[in-house]
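Engineer: Each protein sequence line maps, in turn, to chains A and B.
Heads up: the first sequence runs through residues 1 to 265, numbered per the working numbering.
Heads up: the second sequence runs through residues 1001 to 1194, numbered per the working numbering.
Derived from the structure by calculation, the hints contain no laboratory data.
Honestly, I wouldn't trust all of these hints.
Calculated cross-link-like contacts (lysine-lysine; reagent style PhoX-like; alpha-carbon spacing at most 20 Å) [claimed, not checked]: (1) K1107(B) to K213(A); (2) K1111(B) to K1165(B); (3) K1126(B) to K1089(B); (4) K113(A) to K213(A); (5) K213(A) to K1089(B).
Computed far set for chain A versus chain B, every beta-carbon distance over 12 Å [said to hold, decoys possible]: (6) R29; (7) A120; (8) V123; (9) G208; (10) F259.
Glycine residues also receive a C-beta, built at the ideal position from the N, C-alpha and C atoms.
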Amino acid sequence: MLPPFEVLVQIGYAAAVSAAALLVTWPWRDRGWPMPVALGLGVLTCHVAAVGFPAPWPVARADRLFHFALLGAALGAVEAAVRVPAVVRWVVRAAACAGCAWALLLPADPLWKFALVGAAAFVAWSAFEWRAARVEGYGGPLVLVVVAGAGGQALAFGNSAFVGQLAGALSAAAVPLVVYTLLRPRTTLARGGVTAFMLAALPLWICGWRLAKLPLESAALLAVAPVATQKRGWLGTLAALLAAAFAAYLSWRANPSDFDPSLGY
Amino acid sequence: MRLGISFLSVAVLGAVVFLASPSASLPEAETYVVDPVHSTVIFRINHMGASNFYGRFNGIAGEFTLVEGGTGSVSVTIDAASVDTASEKRDGHLKSSDFFSVEEFPKITFKSDALKHLGGSKYEAKGTLTMRGVSKEVTVAAERIGVGEMQGRKITGFEGTVTIKRSEFGMKYGLGGPLGDEVRLILSVEGGIK
């Protein structure tokens, strides 16, 4: 396990790069694409700092998390910058969810599992998109901070330190978005921000569940927790925090150990 | 003419006897099945630049063939989920996608058709090590420990050592930090003749 300070530094890169991206793109703040780009760049920076660049299409499924975060940032930016018909966005979303299931589940998994994971991801993503469109201001990004942060802890309890670290990076990258939306209170995560977040986050929960010991209930709770987003930002944040914290608790309960963090391993 | 037939008969008979005699057969091959109870796979990795840390795999299977004249082949399969470092939490982490990703890649294999006797008790096996979905050519330096008998069956054992870079097998977590890149694998296998 990496020393906590090193983990925090690498997660800190995500926040710094996200903040820098928002600053640099400030002149284009009305276009909508700076938020997904900042979120994606933050996560990708932490990934590279921790394990370097992955292969173009890696054999190991966990190495594909980079590609999904990159795809999320790119799709989110396009979705924000270009007015595309709703039907196209739905089709792209369905394809991305099917791609998540196909690229991250194991070849030995039954077909129904692929279908169920793809459908669940699509429903969670669509529900969050629907909620986000009705919430302006800091409420949306703050929900991202708490869900990804608690999700990182849930993954760490579930033996997946690196994937947990990426969730921590996603949380850290969302912090500058909170400041950004405080400065621009009419901003929403819909059309871009949700896409970047979900394509970075859903693969983390799937990977933690299928390749480590994140319980299915935790993964499902983390996937739907952002839907708690409310117009009253603090209320939505509290609801999302409760759901995500419960997911972390379930992971902790499912993976008991006598591990002493002060000694490391 | 009679003399010719006799000569032909003798020649054919001679050839049959020659081919059937043990001394004239191809070099004899002995195949041994790896005994998991008396075989061990250990790995060594540097921790924090301060010490060398050892772990083991408890599940090993396979077989090796020795051909008279000093060649042979080896095929060993290690159960990645059997990793054991005397810490439940760390074993769980090693099994996750950060390291061996055992759900995805349950087996680590080493296959060699080029086991070579170098003289004395020294051997080397050039072959393919497959781990975490990546295959690399490696050379295992081995020593034949001896020959014995157990429950009426001939047994023999080898101890092989190879040093690999874990990053080449996609295990990059903790590189340049707490864990070294080089991992020394020590395979001590005992096989009973088939």
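Engineer: Among all the numbered hints in the text so far, which are the ones the structure does not match?
Structural biologist: The structure conflicts with hints 3, 9, 10, although it agrees with all the remaining ones.
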